[in-house]
Amino acid sequence: MFGFYKDFSPGVFKQRKAFWSFCLAFVGMMGYMPGYAQQPHAEVHIDSTQILIGSQFHLYLDITWPSSYRLQGYALPDSFNHIEVVDRSQADTLSTGGLWHFHQVLTLTSFDSGRWQIPAIPVVLAAAQPQDTTHVVLQTDSLWIAVQTVPVDTTLPFKPIKSIRQVKLTWLDILPYVLIGIGLVLLVLAIIYVVRRRKHKLKPMQIEQPQQPPYEEAIIVLKQLQAEQAWLKMDMKAYFTQLTDVLRRYLERAFQIPAMEMTSGELLEHIEKQSLLRMHRAACEEILSEADRVKFAKWSSSPLVAAHCVALAIEVVEATHQAQEAERQAAEQAVALKTVSK
Amino acid sequence: MEQATADIRSLNEQIHQASAFVDLLHLEMGKVIVGQKYMVERLMVALLAQGHVLLEGVPGLAKTLAIKSLAACIRAHFSRIQFTPDLLPADVIGTMIYNQQQNNFMVRKGPIFANFVLADEINRAPAKVQSALLEAMQEKQVTIGDHTFPLEEPFLVLATQNPIEQEGTYPLPEAQVDRFMLKVVIGYPTKEEEIKIIRQNIQPDGLPKVNPVVHPQDILTARQLVRSVYMDEKIEKYIIDIVFATREPAAYKLSKLAPLIAYAASPRASINLALAAKAYAFIKRRGYVIPEDVRSVCYDVMRHRIGLTYEAEAENITTENIISEILNVVEVP
Numbered sequence: 001m002f003g004f005y006k007d008f009s010p011g012v013f014k015q016r017k018a019f020w021s022f023c024l025a026f027v028g029m030m031g032y033m034p035g036y037a038q039q040p041h042a043e044v045h046i047d048s049t050q051i052l053i054g055s056q057f058h059l060y061l062d063i064t065w066p067s068s069y070r071l072q073g074y075a076l077p078d079s080f081n082h083i084e085v086v087d088r089s090q091a092d093t094l095s096t097g098g099l100w101h102f103h104q105v106l107t108l109t110s111f112d113s114g115r116w117q118i119p120a121i122p123v124v125l126a127a128a129q130p131q132d133t134t135h136v137v138l139q140t141d142s143l144w145i146a147v148q149t150v151p152v153d154t155t156l157p158f159k160p161i162k163s164i165r166q167v168k169l170t171w172l173d174i175l176p177y178v179l180i181g182i183g184l185v186l187l188v189l190a191i192i193y194v195v196r197r198r199k200h201k202l203k204p205m206q207i208e209q210p211q212q213p214p215y216e217e218a219i220i221v222l223k224q225l226q227a228e229q230a231w232l233k234m235d236m237k238a239y240f241t242q243l244t245d246v247l248r249r250y251l252e253r254a255f256q257i258p259a260m261e262m263t264s265g266e267l268l269e270h271i272e273k274q275s276l277l278r279m280h281r282a283a284c285e286e287i288l289s290e291a292d293r294v295k296f297a298k299w300s301s302s303p304l305v306a307a308h309c310v311a312l313a314i315e316v317v318e319a320t321h322q323a324q325e326a327e328r329q330a331a332e333q334a335v336a337l338k339t340v341s342k
Numbered sequence: 343m344e345q346a347t348a349d350i351r352s353l354n355e356q357i358h359q360a361s362a363f364v365d366l367l368h369l370e371m372g373k374v375i376v377g378q379k380y381m382v383e384r385l386m387v388a389l390l391a392q393g394h395v396l397l398e399g400v401p402g403l404a405k406t407l408a409i410k411s412l413a414a415c416i417r418a419h420f421s422r423i424q425f426t427p428d429l430l431p432a433d434v435i436g437t438m439i440y441n442q443q444q445n446n447f448m449v450r451k452g453p454i455f456a457n458f459v460l461a462d463e464i465n466r467a468p469a470k471v472q473s474a475l476l477e478a479m480q481e482k483q484v485t486i487g488d489h490t491f492p493l494e495e496p497f498l499v500l501a502t503q504n505p506i507e508q509e510g511t512y513p514l515p516e517a518q519v520d521r522f523m524l525k526v527v528i529g530y531p532t533k534e535e536e537i538k539i540i541r542q543n544i545q546p547d548g549l550p551k552v553n554p555v556v557h558p559q560d561i562l563t564a565r566q567l568v569r570s571v572y573m574d575e576k577i578e579k580y581i582i583d584i585v586f587a588t589r590e591p592a593a594y595k596l597s598k599l600a601p602l603i604a605y606a607a608s609p610r611a612s613i614n615l616a617l618a619a620k621a622y623a624f625i626k627r628r629g630y631v632i633p634e635d636v637r638s639v640c641y642d643v644m645r646h647r648i649g650l651t652y653e654a655e656a657e658n659i660t661t662e663n664i665i666s667e668i669l670n671v672v673e674v675p
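Top to bottom, those sequences are chains A and B. The opening residue of the first sequence carries number 1 in the working numbering; numbering runs sequentially from there. The opening residue of the second sequence carries number 343 in the working numbering; numbering runs sequentially from there.
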C-alpha cells in the first residue's frame, strides 16, 4: 500500500487525482441521497403520451413529505388547457419511516385535438405544528399529451344516419320491474295481514260455551230455585226477576218468541197465539203478574205464593217440553211412514 | 217492605177511587166521538200529566169535536184559535184597548184564557204567534202590558197540524215541538165506526149533548195522585235505556240506526215519558208503573223528539220505525 504512494510521476499523479476526485464525488452523492429522500417532493407521470380524441388516460400524482409537514392540498381544476378531469380516485396516504406518501390517480380526457400541456401542479404543504405558519409550495413537472383526431376519409360518399335499432329485451331489463311488482304485492299482503291481526287483537276473545238445550237450561235453574227455597234466602224482587228471566229465556229459545224484549201483556198475547203454549196462558199470567207486582209495585209476595210460582214455572216448562217432544216424534214418524210407503 | 207494600196498596185504592171519572169521561165522550179511543185516551194522559198535545191528522177526524167535548165533560172553558198567516200574538194572548168612557186602557184577554185551547193548524201562523202560544204553554201565564195573568188550571193546549198541504206553512221549530208532551198521529176510522158517524150526524136531533161529569177540581186532585204513582228504578232504567238508545244506538246493538238519527231525544223526553207513563198507569187504575205503560206512551212522547237524517228521509224511514226498532231491542225489566 505504501508503495502505491511512493510513485509520484506526473502520469500516475493525474490518474490518482482522477481516482480521488471520483471517490469524493461518489461519497458526496451518497451523502446527498438520504438528504434528498427527506426533502418534500411531488411527482406526476401519465400512462400514455398520446390518445385518440375523447379517450381517457391516467395521471398518477405522488407526493412525499416529512412528518414535520402536512399536506394542505394541490391545485388542479376540473378543466384546464383543453383537458378535462373525468374522475379522481380515492387518495391513498401512507406513512413510512417519518415520511408521508400521497398517491392519487386522476382520469383525464380531451375533446380537442392537438398537443396539450398538463401544467405543473402546485402542491401546498404546511408545517404540522399549528403555531408554525411555514408553507412550502412544490411544483410537479409539466407533461405533454398529444390528442389525435379520427382520420376521416373525405373521398368516400356521405351515408345517411343510421336509424334507431331496437334492442332486444333481456331478462335483466325486466327484472327490476318484476322485483318492484313482487315487492308491492308483498307490501299489500303485509298491510292486509297487519290490519287483520289488529282487528283480531281488538276483538276480545270470546269463548263460546256450548249452549244447553232450552229445556235443560231452564229446568236446572228452576229446580235449583225450588230446592234451595231461594225466596227465603234472597230478596223477593231478585227472586222473581230471576224466575221470570228463566221463563222468558226458555220461551224465547224454545218457541222463538222475543220474550226478553216484551212486556208481560205482549208476551201473554204471543202465548195465546202458540198452540202448545195456549193451555198454559193462565199459569204464565199468574207468574208474570205476580212478578210484575213484586218487581214494580214493592209488592211483598208470601213464601207460599213464591213457591207456587216456581212450581207453576216448572210445570209449564215440563209440559211444553213434553208436548214439543211428542210433536217432534209424531213428525218424525210421519216422515218415516211416508218413506216406507214410497 | 211491609210499610212500602201498604203504601202502594193505599195508593192503589186512592187511585181506584180517584180515577173513576176516567170511565165517566170515556162514556160521555163516546156519545159524540165514535172511535178515536186512542186520541181520547192520549188527551186524558196529557190532561193528567200536565202536558200539551200536538195532533197530526187530516181534516175531519173530530179533533175539534174531541177537545170541545172534553171541555164540556169537565165543565171547563174551551176556546178555539184558527191559526192563519195574518194572525198576531195579540189575537192569541189579548191586548190593551182604550176605554173611551173611563178614559183609560183596559186589558182584553185573548182566547188563550181558557182551560182547553184548540190551536187549529198551528203551522199556518208565523213564528211570533207560535212563540206567543208556546210561551204561554210553558210558563202557564201571560203578560199583557204591565200585567201578568196566570192561566187557569187545568190548562191544556191541543194544537193540530195538517200533514198535507205544507206549502205556505211555518213548520214548528224542533225546540218548540219539544214543548208538546205528546204528538199524536190519528188515522181514519174503521168502516163500522164511519157508519156510526154517518148515522149520528144525519139524525134529526143532531149530535147528542155531552153532560159535565167531572169538576176541574177532580182533575187537579188526580194530577196530584198521578205524580205520586210509584215508579220503580227498574222502570226508570228502562226509560233511560230507551232514550239513550236514540243517542248511542251502537251501545244497544243498533249501529244501523246511527246514520238515520240526526238528533236524539232530549232529557225532556225522559221526563215526559216518565210522566206520561204515570198518567197512563193512573188511567189503568194502577198505583205503580209497569213496562206496558212506558211502551204504550213511548211513540207519542218520542216521535217528535227524534230528528231524521236525509238518508232516513230518502229511505222513507219514520221516527216510528226507529222507535219500534229500539223497543224490539231494549230488554224489558
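Treat the hints as calculated values from the structure; they're not laboratory data. Heads up, a few of these hints could be off.
[As the list claims (entries may be wrong)] Okay, derived cross-link-like pairs now, EDC-like style, lysine to aspartate or glutamate, Cα gap no bigger than 16 Å in a straight line:
no., chain 1, residue 1, chain 2, residue 2
1, B, 576, A, 245
2, A, 273, A, 245
3, A, 237, B, 575
[Said to hold, decoys possible] Chain A stretches covered by chain B per the calculated footprint, using a threshold of three residues with CB under 8 Å from any CB of chain B:
no., region
4, 173-183
5, 274-282
6, 295-303
For every residue, glycine included, the Cβ atom is placed at its ideal position computed from N, Cα and C.
So, going through the hints one by one against the coordinates:
| no. | hint | verdict |
| --- | --- | --- |
| 1 | B:576 / A:245 | 14 Å, holds |
| 2 | A:273 / A:245 | 21 Å, violated |
| 3 | A:237 / B:575 | 12 Å, holds |
| 4 | 173-183 | violated (count 0) |
| 5 | 274-282 | violated (count 0) |
| 6 | 295-303 | holds (count 6) |
Of the hints listed earlier, those the structure fails to meet are numbers 2, 4, 5, in rising order.
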